[in-house]
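Protein chains: 2
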Amino acid sequence: MATPSNKLDIPLQRCPDLYIKVCTPKGRGVYATKTIPAKTVIDVCPVLVLGVEENKSHIEHTSLFHYTYNWPITDFDGNKQVAQAVILGLGSMFNHSTQDQNVVWERDPERLIITYRALRDIPVGEELCISYGSHLTFKDADAPVAPPPEEELEMFNQIQFD
Amino acid sequence: MATPSNKLDIPLQRCPDLYIKVCTPKGRGVYATKTIPAKTVIDVCPVLVLGVEENKSHIEHTSLFHYTYNWPITDFDGNKQVAQAVILGLGSMFNHSTQDQNVVWERDPERLIITYRALRDIPVGEELCISYGSHLTFKDADAPVAPPPEEELEMFNQIQFD
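Those protein sequence lines, which keep their order, are chains A and B. For the first sequence, my numbering begins at 19 and goes up steadily by one. For the second sequence, my numbering begins at 19 and goes up steadily by one.
Just chain A, same shape as in the assembly:
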């Protein structure tokens, strides 16, 4: 029983060199207390997938909608749909940056987790930022050009390091 024995079981990994800064121009943000090497696992976050209907009827009308991620599901008829998921971890705390993105993420729909990794070396004191992609619910102040289409962004976020 010491270690997970089922392939679906999920070892929780979290980089220990992080803190939340409360007062920033973007609100709360996650920062590095030590240099974090490229490819380091930053956080493994379980997710809570919301129903398509409850999302449309309710969640979209609340402040929580700014925090949810697109999440692929297959309905009872075998049709692929895009639902929304609440990320139960630092994935809901990372701010957005197109120019200074230093964290990428990868969904695991089978195990209901998202894994966040350092895209490059992250120096001490730097904020950890992701790209929200097409789920951006505000004007992107630091985008130098139009953001890439969702599929291209997905591929970028799901970059394989090895």
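Hints in this document: simulated from the structure, not taken from any laboratory.
Same chains, same names: a pair is fine if it fits in one copy or spans any two.
Calculated lysine-lysine pairs in the BS3-like style (CA-CA distance at most 25 Å, straight line): (1) Lys39 <-> Lys52; (2) Lys39 <-> Lys25; (3) Lys25 <-> Lys44; (4) Lys98 <-> Lys74.
Go by the hints and put chain B onto chain A.
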């Protein structure tokens, strides 16, 4: 910049000896991969506080309501109210147990976090469980007696170790 300099800033602590078991009678649950000594910080979770009105109009009608915690707020007129908060971390993954509770939690309304600590030594392979208190949204199968009133429970969860 190496360490938080503002008293409001929050060092993120997470016990590394944890995994999520996907298939249990209660659904997903958090388990210990090593013995965790009493008083160990299990997780420091940022929270997202929902508005009282949006909670009543929307969140209460969704599956998310089973995951939210009571959260004390003071409104613009200085009146104390109980809002709901989404816990962005393992606090949303711990199952409930009255008899086998081994984790306690403490809210920090100023810094918008909840800290979870081991109530006693937690042996390898044991599930980590909290008490949901008055926010229990289902019948408590393992309660030997009526659950304690919310205030008493609050005091228990906010137990001071030292």
